[in-house]
Amino acid sequence: MKVHLKIWRQENSSARGYFEEHFLDDINEDMSFLEMLDVLNERLTLEEKPTISFSHDCREGICGSCGVVINGHAHGPLKGVTTCQIHMRHLKKFKTLVIEPWRVKAFPVIKDLVVDRSAFDRILQAGGYISVNTGGVPDANAIAISKFESDEAFMAASCIGCGACAAVCPNSSALLFTAAKISHLAQLPQGKIEAHHRVLEMVRALDKEGFGACSSSRACEIECPKGLSLKHVAQLNREFFKASLVAHLVEHPTMAYHGKGDDDLHSHVDEGSHIHHEEK
Amino acid sequence: MKLDAKIPPGPLKDKWSNYRFDIKLINPANKRKYDIIVIGSGLAGASAAASLAELGYNITMFTYNDSPRRAHSIAAQGGINASKNYQNDGDNTFRLFYDTVKGGDFRSREANVYRLAEVSSNIIDQCVAQGVPFAREYGGLLDNRSFGGAQVSRTFYAKGQTGQQLLLGAYGALNRQIHNGKIKSYVYHEVLDIVVTDGCASGVIVRDLLKGEVKSFSAHAVIMASGGYSNIYYLSTNAKGSNSSAAWRAHKKGALFANPSFTQIHPTCIPASGHYQSKLTLMSESLRNDGRIWVPRVKTDKRAAADIPEAERDYFLERKYPSFGNLVPRDVAARNIKEMCDAGYGIGATGMAVYLDFNDAIGRLGYKEVESKYGNLFEMYETITGDDPYGKPMKIYPAAHYTMGGLWVDYNLMSTIPGLFVLGEANFSDHGANRLGASALMQGLADGYFIIPYTLGNYLAGRGFRKVDSDHKDFIKGMGVVNDRIDKLVSLKGKVTPDHIHRELGTVMRNFVGMSRFEKGLKNARSEIKALREEFWKNVHVSGPKDGLNENLEKANRVADYLELAELMSEDALARNESCGGHFRTEHQTAEGEAQRKDKNFSYVAAWEYGGDGKAHKMHKEKLDFENVKLTQRSYK
Numbered sequence: 001m002k003v004h005l006k007i008w009r010q011e012n013s014s015a016r017g018y019f020e021e022h023f024l025d026d027i028n029e030d031m032s033f034l035e036m037l038d039v040l041n042e043r044l045t046l047e048e049k050p051t052i053s054f055s056h057d058c059r060e061g062i063c064g065s066c067g068v069v070i071n072g073h074a075h076g077p078l079k080g081v082t083t084c085q086i087h088m089r090h091l092k093k094f095k096t097l098v099i100e101p102w103r104v105k106a107f108p109v110i111k112d113l114v115v116d117r118s119a120f121d122r123i124l125q126a127g128g129y130i131s132v133n134t135g136g137v138p139d140a141n142a143i144a145i146s147k148f149e150s151d152e153a154f155m156a157a158s159c160i161g162c163g164a165c166a167a168v169c170p171n172s173s174a175l176l177f178t179a180a181k182i183s184h185l186a187q188l189p190q191g192k193i194e195a196h197h198r199v200l201e202m203v204r205a206l207d208k209e210g211f212g213a214c215s216s217s218r219a220c221e222i223e224c225p226k227g228l229s230l231k232h233v234a235q236l237n238r239e240f241f242k243a244s245l246v247a248h249l250v251e252h253p254t255m256a257y258h259g260k261g262d263d264d265l266h267s268h269v270d271e272g273s274h275i276h277h278e279e280k
Numbered sequence: 281m282k283l284d285a286k287i288p289p290g291p292l293k294d295k296w297s298n299y300r301f302d303i304k305l306i307n308p309a310n311k312r313k314y315d316i317i318v319i320g321s322g323l324a325g326a327s328a329a330a331s332l333a334e335l336g337y338n339i340t341m342f343t344y345n346d347s348p349r350r351a352h353s354i355a356a357q358g359g360i361n362a363s364k365n366y367q368n369d370g371d372n373t374f375r376l377f378y379d380t381v382k383g384g385d386f387r388s389r390e391a392n393v394y395r396l397a398e399v400s401s402n403i404i405d406q407c408v409a410q411g412v413p414f415a416r417e418y419g420g421l422l423d424n425r426s427f428g429g430a431q432v433s434r435t436f437y438a439k440g441q442t443g444q445q446l447l448l449g450a451y452g453a454l455n456r457q458i459h460n461g462k463i464k465s466y467v468y469h470e471v472l473d474i475v476v477t478d479g480c481a482s483g484v485i486v487r488d489l490l491k492g493e494v495k496s497f498s499a500h501a502v503i504m505a506s507g508g509y510s511n512i513y514y515l516s517t518n519a520k521g522s523n524s525s526a527a528w529r530a531h532k533k534g535a536l537f538a539n540p541s542f543t544q545i546h547p548t549c550i551p552a553s554g555h556y557q558s559k560l561t562l563m564s565e566s567l568r569n570d571g572r573i574w575v576p577r578v579k580t581d582k583r584a585a586a587d588i589p590e591a592e593r594d595y596f597l598e599r600k601y602p603s604f605g606n607l608v609p610r611d612v613a614a615r616n617i618k619e620m621c622d623a624g625y626g627i628g629a630t631g632m633a634v635y636l637d638f639n640d641a642i643g644r645l646g647y648k649e650v651e652s653k654y655g656n657l658f659e660m661y662e663t664i665t666g667d668d669p670y671g672k673p674m675k676i677y678p679a680a681h682y683t684m685g686g687l688w689v690d691y692n693l694m695s696t697i698p699g700l701f702v703l704g705e706a707n708f709s710d711h712g713a714n715r716l717g718a719s720a721l722m723q724g725l726a727d728g729y730f731i732i733p734y735t736l737g738n739y740l741a742g743r744g745f746r747k748v749d750s751d752h753k754d755f756i757k758g759m760g761v762v763n764d765r766i767d768k769l770v771s772l773k774g775k776v777t778p779d780h781i782h783r784e785l786g787t788v789m790r791n792f793v794g795m796s797r798f799e800k801g802l803k804n805a806r807s808e809i810k811a812l813r814e815e816f817w818k819n820v821h822v823s824g825p826k827d828g829l830n831e832n833l834e835k836a837n838r839v840a841d842y843l844e845l846a847e848l849m850s851e852d853a854l855a856r857n858e859s860c861g862g863h864f865r866t867e868h869q870t871a872e873g874e875a876q877r878k879d880k881n882f883s884y885v886a887a888w889e890y891g892g893d894g895k896a897h898k899m900h901k902e903k904l905d906f907e908n909v910k911l912t913q914r915s916y917k
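First to last, the protein sequences are chains A and B.
Our numbering applies: residue 1 is where the first sequence begins, and numbers increase by one.
Our numbering applies: residue 281 is where the second sequence begins, and numbers increase by one.
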């Protein structure tokens, strides 16, 4: 098949970007989308032209490295797949493929289609875990967990951290990403112990990174390659609200900080109240 | 050089507890005086880094990825074994140990494998405490399944995403210590050499992949958890970036490389569709529970599957192995599929595939049941191939998947370079000549959570707090070597891309050092690899700058190392003049066509010493003694 590409090129985060056109006329439709870029890059290498940088690693939809916008859709027009799982036959109907990086202020472009998603790591570092050391834990069956809750926690935990949610959000909000971890851990008895602390810390870290607020456009839920639901955002709101109410009562370094007239806490509660999601 | 595995004395079941009592300890307040480098952030690396940081050590960690969470452990599907005996079906530590030694075709070290089985239960406890959402029963307790032909149900799983969930658990523990300031994590940093000072590992040379800058870091000890080298076959189920460079450079600095030719080829992967193919996707082993593997009875039959009547199909695994049928172990299935394709019975445009057919299963169980069991796998298959497996049988072919070989380590998981520890797939230790399904995750986490925290302390205690500075001459020299090689690569400006040579290398490796091997083929591979290496250093073309993000340069660096490791793999396969597990020498097979071991002559670990540039490797043997298991011949008829 013949392919007409318009690919975003950008030398570095401060350089001005532009679209570069390429025409390929011998693309096999069984090729994956990234293999098509490989073919183009091998050609560019031998022509001594700068190759196109893009993120990828496992190429089977689980590591979360890859991610570009193809014709306006994060991870391309197919539902429930990552960029690396798109094959050229899925793109046959398009005359031109416009390929762009995630466009999010908190994800500065590193080069071409590669963006810096370290903000996601920092949000999780702020509290996206259960504070247990290795060793000295109880037997795995010591606490029974309902299958329903466990399965729900698993669904939330299947987030791959690709960043598509923020990329498609009109406000560049990363609330679905943050909520996925909150929701995963809040539904497990082991995770409940630090739930208040976790949600306050993670939301604070999220805001610090410069992501926008959620306005329930649901774009994230529609384009998430792993089908994560907006109900996790509802869970985050509940957790956040609960935590805010008791923050001043619990002796905790973080919460004490909130107690000292830090009014951004209140602003979150207000925000939370209009991130209302209808749960059916 | 004399290899000493440092196996503790005493009965098998007491070795690890005796060891833990006998080791030297480091005062809790003194642990913070030690700096430790961890290479890799997969299950082994992340669990080691987190556990050591919790104890108080200062950790510096490197990954070539943009986040520790991307490491390829994330892609493991099936599950993780542990001898919990939650199912009351007769499992215990000894049985898991025995199954692992036997599954590895008696080419692993008893003491290490027993320890692995012993700590397996702790891993599950740890993961649950971290919030890993394993599959559960309706009563709220953990579910198990039988995996890879095991007689007991000891595999814990989280849908088909067990590796992901375990890695995210370890990544959480890692994040907590990054937050606490005990771990400094360097992403987009690739380790390109190990520094050895006065005979001990003293640090690493790394390249910042974004800036292109070559830097050095020193430490009291270095932990390598850099994974395996299946990508040497070019087409494998590994991530594109998975590579052997850190391990290979350590080897050239004095770490012996053990059983390099022991690789596992997974039987059920989606076949390559053309020369542009960049990787292969694994389809879970569980598909063989209900899918039937077949080829047409006539060679190069071009009819569609549906047009081939039952009588003209050859269900060759069921025919050859009536009792195990389609459920024979991975190596047996993979080899038989290859043999059928080589003999001309392969199907599809390339002839390098066989059918995996669910038609009978749909008839027997109904569409709904099949969908509930395999729906997500069928969907994945359809996305990649465009074929609907409910209507047309799947096409599958084996692909390189895991490397049992790796850097030689003793019972402490320390290589022959003092202070260089090797964990997870990067070491050779526990799987012998064939790894059982759901045991890779177990080993990676056992090494990181429960073994290295003890053995590292034993090494450091009594060595003093002094650390070699990173401006020491060994570091300056190491940086020079790395920089020179990069300069050479970017200056060659030849006519072929690094990928081109890598593809050629992969073809040679798949043909001669893959599922079945024979003397003439291996000798042929050796000379072809040598020719490719010469071609590479004459004619490779690396475009782009060296002082910035340059994927071409990264690839060239990795391919250059593969071209050396490949030769050692064929050398090792040639020297092991027997068949065992995944190492199948066609000269040595039983009347049933099974791998024929030669225990009298080959019951050893082949540990290879680097002889210097252009010189031959030297083999050292670690004799394997089996005091607790009886060596038997596998048979699946």
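For the record, the hints were derived by calculation from the structure and aren't laboratory data.
Glycine included, each C-beta is placed from N, C-alpha and C at the ideal position.
Where hints are given, some of them may not hold.
[Stated by the list, open to error] Listed below are the simulated DSS-like cross-link pairs for lysine-lysine, each with C-alpha atoms no more than 27 Å apart in a straight line:
#1 B:Lys648 to A:Lys147
#2 B:Lys753 to B:Lys773
#3 B:Lys803 to B:Lys895
#4 B:Lys382 to A:Lys208
#5 B:Lys495 to B:Lys803
#6 A:Lys92 to B:Lys672
#7 A:Lys49 to B:Lys768
#8 B:Lys773 to A:Lys49
#9 A:Lys49 to B:Lys826
#10 B:Lys910 to B:Lys878
#11 B:Lys495 to A:Lys79
#12 A:Lys105 to B:Lys464
#13 A:Lys208 to B:Lys462
#14 B:Lys439 to A:Lys147
[Said to hold, decoys possible] Beta-carbon label-pair distances, calculated as ranges:
#15 B:Ser426 to A:Lys105: 44 to 54 Å
#16 B:Lys582 to A:Gly72: 37 to 47 Å
#17 B:Ala629 to A:Lys6: 45 to 55 Å
#18 A:Gly227 to B:Asn460: 27 to 37 Å
#19 A:Pro189 to B:Pro308: 26 to 36 Å
#20 B:Glu659 to A:Ser217: 21 to 31 Å
#21 B:Glu592 to A:Ser217: 39 to 49 Å
#22 A:Lys6 to B:Thr580: 41 to 51 Å
#23 A:Ser215 to B:Thr630: 49 to 59 Å
#24 B:Asn310 to A:Gly227: 43 to 53 Å
#25 B:Lys582 to A:Lys2: 53 to 63 Å
#26 A:Asn141 to B:Glu659: 42 to 52 Å
#27 A:Gly72 to B:Tyr670: 23 to 33 Å
Inset, instruction - Hint by hint, work out which the structure violates, then give me just those numbers in ascending order. - result: 2, 4, 5, 11, 17, 21, 25 and 26
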